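Novice: Listed below, chain by chain, are the residues.
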Amino acid sequence: MPIVVRLDVALAQRKMTSKELAAKIGISEQNLSVLRSGRARGVRFNTLDAICQELDCQPGDLLEYVRQ
Amino acid sequence: MKVDEKSVVQSATLLGYVLLLILVALVGAAAAVIIWLFVDVQQLGYMLAAGVGYESDALKTWQAFALSLILLVQIGIWIAVVSQGRNIFTALTRVALSDASTAAGKVARLLWAMLAWGIAGHTIATVVATWHFPEGTKALEVSLGSTEISIAIAALLATFMSRAFVLGAALWQDHQKVI
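From first to last, the protein sequence lines stand for chains A and B. Counting from 1, position 27 in the first sequence corresponds to residue 27 in the working numbering; the numbering is continuous, with no gaps. Counting from 1, position 17 in the second sequence corresponds to residue 17 in the working numbering; the numbering is continuous, with no gaps.
Hints in this document: simulated from the structure, not taken from any laboratory. Note that the structure is predicted; figures quoted are calculated from it, not measured. Watch out, some of these pointers could steer you wrong.
Unchecked claim - A few chain B residues facing chain A, derived, Cβ under 8 Å:
1. Arg94
2. Asp174
3. Val178
Stated by the list, open to error - Keeping only pairs whose Cα atoms sit at most 25 Å apart, straight-line, the calculated DSS-like set for lysine-lysine is:
4. Lys6(B) x Lys24(A)
5. Lys138(B) x Lys19(A)
6. Lys24(A) x Lys60(B)
7. Lys138(B) x Lys6(B)
8. Lys60(B) x Lys138(B)
Where a beta carbon is used, it is the ideal one built from N, C-alpha and C, also for glycine.
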């Protein structure tokens, strides 16, 4: 998949664990783990909205297109 | 759109209980027919012949037995339909749509079998019930009424449902992978 999820980097920069983020945005840790590992088939806009609001970042900070 | 499977699971559980009650009633009816068959086969035969529309006091034992057998096969198919119907709802309570699809496919096939036996059984029953009638008054009836049309519609719906469940299963899997 040429779309790479950079959530790990964003979390590390803010010294926040995925467990904390999952609790704050109201999704399960399992789902967040699927998203972080790039195994998700898609991301809902409201999930992206909640993450961006919580991490105070832009969608482009979380997703990156890598040409293969 | 937020997809909440809880309401579907609750409805499926409720319908599963309803079908369980119907299943118990059908098994009870089958048991009653079998017991009645051993207790008073003639009386059962008269009742069934009257139900077919050809009441006669001169019914022989084999005729009564054959009519009872036709009825038992009919109840047997009903039991199979309701049992498979329960499997649909049991699968839905587990949110296992592919299993529900398989069960709906079986229900559809059983409903077609029920329709075929409903027509064939009635035809055979009229022949059996009037076997001892004088020449010229024996009957061979083919019944195609609202009951048969209803069963055909139910079978078509079940066929559609089985295909809809396949599509639903694919959409559900996709939905689960979207975070």
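Novice: Now look at each hint and say whether the structure bears it out.
Specialist: Okay, the hints, checked on the actual structure:
Contact between Arg94(B) and chain A, as hinted, is not supported at the beta carbon level, the nearest pair being about 19 Å apart and thus beyond 8 Å. With a cut of 8 Å, the hint placing Asp174(B) at the interface with chain A holds, because the nearest CB-to-CB distance is about 6 Å. Annotation: interface hint on Val178(B) holds; nearest CB of chain A at approximately 4 Å, less than 8 Å. At most 25 Å may separate the alpha-carbon atoms for a hinted pair to count; Lys6(B) and Lys24(A) meet this at roughly 24 Å.
About 81 Å separates the Cα atoms of Lys138(B) and Lys19(A), which puts this hinted pair outside 25 Å; it is violated. Distance check on the hinted pair: Lys24(A) and Lys60(B) sit about 80 Å apart at the alpha-carbon level, beyond 25 Å; violated. Taking the CA atoms of Lys138(B) and Lys6(B), the gap is near 58 Å; set against the 25 Å cutoff, the hint is violated. Straight-line distance between C-alpha atoms of Lys60(B) and Lys138(B) comes to about 15 Å, which keeps the hinted pair within the 25 Å bound.
The earlier numbered hints that this structure contradicts are 1, 5, 6, 7.
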